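S.K.: Residues per chain, in single letters:
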Amino acid sequence: MATFESGLYYSESHEYIRVEGEFGFIGISDYAQHALGNVVYVDMPEVDDEVTAGEEFGAVESVKAASDLISPVSGTVVEVNEALEDEPELLNKDAFANWIIKVQLSDPTELDNLMDVEAYKAHCEA
Amino acid sequence: MNRTLYGNLIFELSKKGRRGYSLPQDYDRTHSTAELPEALRRSEAARLPECDELTVVRHYTNLSHNNFGVNDGFYPLGSCTMKYNPIINEEIAAMKAFAGLHPLQPAETCQGALEVYYNLQQSLAELAGLSEFTLNPCAGAHGELTGLMVIRAYHEAMGNKKIRNEEMKKDEAPASSNSLNSTFSNSQRTKVLIPDSAHGTNPASAAVCGLEVVEVKSLQDGTVDVDHLRQLLDEMGDQVAAMMMTNPNTLGIFEPRVLEITDMVHKAGGLMYYDGANLNALLGECRPGDMGFDVMHINLHKTFSTPHGGGGPGSGPVGVRKGLEQFLPTPRVVMENEKIGNEENKKDAASASSNSLIFTISHSQSAPLSVGSFFGNFGVMLKAYAYILSLGHENVKHVGPLATLNANYIKERLRDDYLLPIEGLCKHEVVFDGLVDKSTGVTTMDVAKRLLDYGYHAPTIYFPLLFHESLMIEPTENESKETIDAFIDVMHTIAAEAKSDPELVKTAPHNTPIGRVDDVLAAKHPITTYWKSLEA
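Sequence order for the protein chains is A and B.
Residue numbers for the first sequence follow my numbering, beginning at 12 and rising by one.
Residue numbers for the second sequence follow my numbering, beginning at 9 and rising by one.
Wrong hints could be hidden among the right ones.
[Said to hold, decoys possible] Interface residues of chain B toward chain A, partial, derived using beta-carbon atoms under 10 Å:
no., residue
1, G208
2, L410
3, T451
4, M453
5, Y470
6, F471
7, H476
8, G523
9, D527
10, V528
11, A531
12, K532
13, I535
[Claimed, not checked] Taking beta-carbon pairs under 10 Å as the criterion, some of the chain A residues facing chain B (in silico):
no., residue
14, V50
15, Y52
16, D60
17, T63
18, A70
19, A77
Calculated from the structure, these hints are not laboratory results.
Please read these numbers as outputs of a predicted model, since none were measured by experiment.
Using N, Cα and C, we set each Cβ at its ideal position, and we do this for glycine too.
Take these sequences, add in the hints, and give me the full structure.
M.R.: Here is the structure:
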């Protein structure tokens with residue numbers, strides 16, 4: 012069964028963001044990795060790329076499907092999780108520990124449009 | 009068949025010096041390359057496998073036995089319409105008079121072939137409710153791209169017209185710009201609306217055509233969210249080039265508001281594109297043209313019984329509504345003499361007298377360029393035309409209804425064991441969301457693998473993406489009740505096995521030449537060429 016982590020912001024398209032100061036760590040939820048199945052490739056942006064809330068910033072490919080990654084916030088990519096290049100299966104092992112990109116938020120008020128863990132849990136069960 | 013031996017790769021069966029022929033001792037082996045310039049000759053051996061003829065024959069016969077096609081058994085692959093390929097189609101396509109044709113042959117020497125080509129265009133137009141078809145695209149996705157290029161050319165021309173009108177008003181000379189410019193200088197219509205449930209080829213084709221994809225949301229039952237569509241049209245209606253739709257949609261559900269949708273898009277100035285992948289459900293019953301679609305492609309290998317196998321050849325004819333014919337690619341086969349029904353004219357054509365040419369090949373200068381080589385895959389068209397004529401006007405009407413009946417019969421008989429996410433009638437295919445009982449841990453993948461043990465091809469799995477455990481079954485109209493009942497029994501057996509012996513299902517297949525393959529390894533580290541060096 013999928014696990015849910017509190018203290019994070021979630022989007023309808025199953026990305027999460029963990030906010031630390033002016034930075035946010037974006038990844039996919041445990042629910043999303045369960046639904047995708049074995050992840051075989053993660054397509055990530057490059058450092059200094061701009062991401063926009065609600066727009067695609069990469070993709071996750073599993074043996075079942077390829078899904079776009081939709082950014083929950085706008086900002087600048089300051090780091091990508093390079094470990095995922097060789098070991099995309101890290102997303103299956105622990106989706107919350109293995110974030111995909113670290114972003115410097117340009118508009119923290121966008122976080123208000125996202126869900127907390129309880130709302131996200133209800134969204135997944137609906 | 010000794011699979012252990014002949015199931016090896018042909019490279020692994022190679023033994024140095026083995027030959028399938030013997031030449032005289034004094035044969036000059038340099039003979040064939042002697043005339044070639046040094047630069048064109050290999051500097052090292054080609055490392056081809058070396059085998060005797062019998063080993064080669066057994067190897068490939070073994071491979072062919074490992075294959076599974078419609079001729080081997082039930083093949084309920086949803087979304088792909090794996091229809092039986094009647095043998096008469098093959099016989100006709102193999103006739104010397106057709107197979108021996110050269111694409112550059114003068115029109116007066118191949119009137120019969122051109123007549124078949126022309127008649128197939130007309131037949132498809134009639135069945136689709138559209139005006140004209142080009143048969144040139146070589147596959148479904150090629151058809152999608154061609155159709156979108158037609159739409160783009162249309163908007164370009166409309167943009168030019170507008171500019172010309174404005175310039176005329178300013179009392180200036182009419183602009184002589186090229187309406188087939190590959191840029192969008194004269195059209196703001198660059199967006200294509202595509203439902204989130206669409207086949208992946210739709211957004212891919214739009215992107216390749218240089219258009220921007222905008223996703224339209226689906227309702228819970230997988231049909232288009234018309235309110236969301238209205239909202240998008242309000243926001244960006246004047247930028248919409250087209251909306252692409254599959255009907256019935258990828259879940260096998262007929263779009264009940266299709267007339268409203270096509271009307272809304274037309275009012276915004278966009279065109280409607282019909283993805284013909286699921287046309288089989290409608291064949292003989294209703295027509296995309298009557299629903300308001302302007303451009304469509306047909307997969308002859310799905311709806312019109314031509315083979316899918318071996319990666320082709322395919323055929324993806326594109327049809328258009330009246331008023332869009334001038335944007336179809338060339339070459340086109342044109343009938344010069346409208347009195348085709350007149351026996352005298354037919355006789356004249358057969359005698360190949362250039363004075364009485366009925367069918368000519370048009371390479372109009374003003375029309376768009378070719379989208380491929382010559383006329384597309386003519387052999388495939390012959391098979392599709394043979395299929396249409398074999399069915400005839402009366403029987404073609406039974407195709408859609410029987411395909412739909414078969415799918416609904418399977419739906420109702422399997423819903424006790426397999427989770428049915430959408431109530432109500434489906435069309436030619438039915439989607440389940442895995443087993444009803446999820447407690448065993450047996451997934452759709454496991455069910456699909458276990459079906460192989462029972463001699464059935466697996467259905468489509470994990471598509472559509474709307475459900476996590478999609479299992480999409482499309483029986484087609486070809487199958488007898490006995491075949492379908494036997495399949496249903498096996499599906500029930502597997503559901504029972506999932507409870508009594510889940511490991512058996514999770515480790516399936518057990519009776520196939522190769523067991524469960526490692527999907528993850530294959531996706532992460534694909535090995536596509538033979539890498540070991542042959543025996544020196």
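S.K.: Is the interface hint for V50(A) satisfied, with its Cβ closer than 10 Å to some Cβ of chain B?
M.R.: holds, 9 Å
S.K.: Taking the least C-beta to C-beta distance, is F471(B) closer than 10 Å to chain A?
M.R.: Cβ of F471(B) sits 8 Å from chain A, so the hint holds.
S.K.: Answer holds if the nearest beta-carbon of chain A is closer than 10 Å to that of T451(B); otherwise answer violated.
M.R.: holds, 9 Å
S.K.: Take the shortest C-beta to C-beta distance between A70(A) and chain B; is it under 10 Å?
M.R.: Result: violated, 12 Å to nearest chain B Cβ.
S.K.: Hey, does the Y470(B) contact hint survive, CB to chain A under 10 Å?
M.R.: Constraint on Y470(B) satisfied, holds at 4 Å.
S.K.: Taking the least C-beta to C-beta distance, is T63(A) closer than 10 Å to chain B?
M.R.: violated, 15 Å
S.K.: So, G208(B) near chain A? Judge it on the closest CB pair being under 10 Å.
M.R.: holds, 8 Å
S.K.: Mind checking the CB of D527(B) against every CB in chain A and telling me if the closest is under 10 Å?
M.R.: holds, 4 Å
S.K.: Would the stated hint for Y52(A) survive a check requiring a Cβ distance to chain B of less than 10 Å?
M.R.: Since the shortest Cβ distance to chain B is 7 Å, the answer is holds.
S.K.: Hint check: is the beta carbon of K532(B) less than 10 Å from a beta carbon of chain A?
M.R.: holds, 5 Å
S.K.: Is the interface hint satisfied for V528(B)? The criterion is a beta-carbon contact with chain A at less than 10 Å.
M.R.: holds, 5 Å
S.K.: Report holds or violated for the interface hint on M453(B), using the least CB-CB distance to chain A and a cut-off of 10 Å.
M.R.: holds, 8 Å
Hint compliance for this structure: hints 2, 8, 13, 16, 17, 18 are not met, and every other hint is.
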